[in-house]
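Please build the complete structure, drawing on both the sequences and the hints.
Residue numbers (the numbering used here), protein chains in the order written: chain G, 927 to 1342; chain Y, 927 to 1342.
Be a bit skeptical, because a hint or two may be false.
For identical chains, the list gives no copy identity; a pair is met inside one copy or between any two copies.
Here are the computed lysine to aspartate or glutamate pairs in the DMTMM-like style, where the Cα-Cα straight-line distance is at most 20 angstroms [said to hold, decoys possible]: (1) K1221 <-> D1165; (2) K1211 <-> E1145; (3) K1211 <-> D1315; (4) K1191 <-> D1165; (5) K1124 <-> D932; (6) K1191 <-> E953; (7) K1124 <-> E1049; (8) K1211 <-> D1186; (9) K1221 <-> E1152; (10) K1124 <-> E954; (11) K1191 <-> E1161; (12) K1191 <-> D979; (13) K1211 <-> D1296; (14) K929 <-> E1045; (15) K1124 <-> E1021; (16) K1191 <-> D1039.
No lab work stands behind these hints: they were computed from the structure.
There are 2 protein chains.
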Amino acid sequence: MAKQADLLPVDVAQRLILDQFSRLEAEEVPLGDARGRVLAADTVSTLNIPPFDNSSMDGFAVRSADTGGASHRTPVALEVVADIPAGSSALGHIEAGQAARIMTGGPVPAGADSVVPFEAVEEDGAVIRLTSPVSRRACVRDAGQDVTQGTTVLHAGTQLGYPQIGLLGALGCAEILVSRRPVIAILSTGDELVAPGKTLRPGQIYNSNSPMLAAAVAEAGGVAIEVPSARDDPEAITDALRSVPHADLILTSGGASVGDHDHIKGVLNAHGRVEFWRVRLRPGKPLLFGRFAEKPVIGLPGNPTSSAVTFELFVRPVIRTMLGAAPYRPRITAVVDDRITHQGGRATYVRVRLRLRDGRFHASSAGPQDSAMLVPLAHADGLLIADEDRTEIPVGADADVLVWRLPPEAQEFSSR
Amino acid sequence: MAKQADLLPVDVAQRLILDQFSRLEAEEVPLGDARGRVLAADTVSTLNIPPFDNSSMDGFAVRSADTGGASHRTPVALEVVADIPAGSSALGHIEAGQAARIMTGGPVPAGADSVVPFEAVEEDGAVIRLTSPVSRRACVRDAGQDVTQGTTVLHAGTQLGYPQIGLLGALGCAEILVSRRPVIAILSTGDELVAPGKTLRPGQIYNSNSPMLAAAVAEAGGVAIEVPSARDDPEAITDALRSVPHADLILTSGGASVGDHDHIKGVLNAHGRVEFWRVRLRPGKPLLFGRFAEKPVIGLPGNPTSSAVTFELFVRPVIRTMLGAAPYRPRITAVVDDRITHQGGRATYVRVRLRLRDGRFHASSAGPQDSAMLVPLAHADGLLIADEDRTEIPVGADADVLVWRLPPEAQEFSSR
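See the structure below:
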């Protein structure tokens, strides 16, 4: 058995893998398909937003200088000479003593420098009366106040959520330059595997890793190709690895340990190379990284939870790097509610639930930490990081947690 | 102008809207398409996981009773009579004095009750020697230890991420019963609107709300239909609302305020009804809820940020309710890094950035809080909730924040 000291630390293994990947080429997608994609270049505005001075209220555009002496005793009367809805292109202009009816978003006409809302004037046919002065630029949104032409508004590497889609729309962008999504082939190996939906015979189990990893790849921003699972046979595995020449990366699951039927390492040695094998990590020690011909291969352990944890630590960062996005999950600090212990010698990632209490996150075990067990994984909100020499974390201590999902809010919003 | 007291508090408006919606019907989707969908029913396991007692190590299955007296001075010799890889269906059995070679995941043969790893035995042809006793059930994963047949493993309302997909795969589920995704039609109104990609003429702006809201609907789990934007004309708006009879909900954007060309309320009054109009909220006061014929309509304000905030508070919860999922965004407590002030009278949702420091979230303003400005919205990580009478939040105070996204982790993982 390998000594722990011979195994690679997690961060060294991450660096060895990530150094071999870089951002993929860019492609254009329609704005309507850009959600979740990652910007391949900075977005520089080609226009001002708003493009023109416009009204922030429904009311009247006026010349502030005309209103200086207005009071209840000496109201100022102005002649309404135009009606400017939003979208008006007849910009017109007003002279001294004149006003223009204007709606929110309507372009402020030349000559006017401010807007007075309906409720602040008295209307009398085509005349309005003001009883107090209007300050310059009141209720006027200046052209370019949100975005000045030539400004960088979003940086390359930004993943596009709906607010960013809104901003790109406001800039008039119909096609968005984003990173191509990496194509990730997934190959589960094992004589015992049967696809979900089929009947299990004695000794068989369902192949859960292929659908799980395919979903994980998609969530990270990649495109998954599920290769039919291969038997524990070097030739079958070689054929399967050959079947995906267009993949940017191949993930294998299973067959990476020391059993008689663990053939991944042998196949890579025969048809490429093994860059490293085994990390100081629990669960997930038998992680393997290598090349099949020149194609990168990350070999994940077959136990479902080991597979998920190594995906998080080594594969998701690769996908994010190929997208040009921030590689790592957000990490929060939580108060430990259950005493956590582990064997030491390897960094241990504990499946935990998260709860918010008094403004702090609290973490408690999501169940037994056996790497073959899926239920605790499916009930976890994140992975608590117990460093290799921190073998006991007492109740009340702080620990770092990689967050999969925040606990949802149960109550309604208060508007106290 | 309406008095603040006449406006509906946010939570009352939320309740009035949400009470009119319930979970949609269920539909089956293949496991490979189930990511992000919401379970429509509890998942009850029809099998044990693992389905059979199996080995957690590569080694030899033995009868623990045979090994009781083993020591370095008196090793116990066992005859290896079988070889059990994972996936083996010839389960076989062993008698006293016998052992079976077994790989991780292989079914433990009848007669054996424990597994001893390779590194703990001495192999000598078809004989192995043990120098210490093996305890009962050592290195054996019991059938059903992860899931017992008949157990509920996931609850209705669970949104399926990859760990849950893995669990469903392990249960053999090829088709998953999920809630149908609600169809949400989006209609932006305004004479000034031009679709992104076209040329702006004077007085025009790009329609950013339609693509933004379409992305927001998709992110919340709905299916968006973008109706071409309508001019500020009651007949055009009526025709547009009639064009989406299959929608579960219609969102309008713009035309909900008090301007001369704000026609949404009039159209609903003519062809259905207005249930309520205006909430004690900033930005987003002119929110409107009603029916066009019997079809529910939520009228969002036209200012982009008002539109986004009211989507978050009133539309996303409706979509989540129709999916049967938790309606509200996670809400965290953050330390305020910038003094926050507002006018009071209405609950105010401040666009903020979030940063993690010393285990706490810190919130700072994402920029000017003008409801027409998109850049601060696009740079925000969440919405800080400033209640209507909490008009000043000093630096260092705590405040609740609805989280859009967690700040990404910049550094590598440590494996100290």
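So, going through the hints one by one against the coordinates:
no.: 1; hint: K1221 <-> D1165; in the structure: within (14 angstroms within a copy, 56 angstroms between copies)
no.: 2; hint: K1211 <-> E1145; in the structure: neither (24 angstroms within a copy, 36 angstroms between copies)
no.: 3; hint: K1211 <-> D1315; in the structure: within (16 angstroms within a copy, 55 angstroms between copies)
no.: 4; hint: K1191 <-> D1165; in the structure: within (15 angstroms within a copy, 65 angstroms between copies)
no.: 5; hint: K1124 <-> D932; in the structure: neither (42 angstroms within a copy, 61 angstroms between copies)
no.: 6; hint: K1191 <-> E953; in the structure: neither (35 angstroms within a copy, 43 angstroms between copies)
no.: 7; hint: K1124 <-> E1049; in the structure: neither (78 angstroms within a copy, 39 angstroms between copies)
no.: 8; hint: K1211 <-> D1186; in the structure: within (18 angstroms within a copy, 69 angstroms between copies)
no.: 9; hint: K1221 <-> E1152; in the structure: within (17 angstroms within a copy, 42 angstroms between copies)
no.: 10; hint: K1124 <-> E954; in the structure: between (41 angstroms within a copy, 17 angstroms between copies)
no.: 11; hint: K1191 <-> E1161; in the structure: within (13 angstroms within a copy, 70 angstroms between copies)
no.: 12; hint: K1191 <-> D979; in the structure: neither (66 angstroms within a copy, 28 angstroms between copies)
no.: 13; hint: K1211 <-> D1296; in the structure: within (14 angstroms within a copy, 52 angstroms between copies)
no.: 14; hint: K929 <-> E1045; in the structure: between (80 angstroms within a copy, 13 angstroms between copies)
no.: 15; hint: K1124 <-> E1021; in the structure: neither (82 angstroms within a copy, 34 angstroms between copies)
no.: 16; hint: K1191 <-> D1039; in the structure: neither (75 angstroms within a copy, 31 angstroms between copies)
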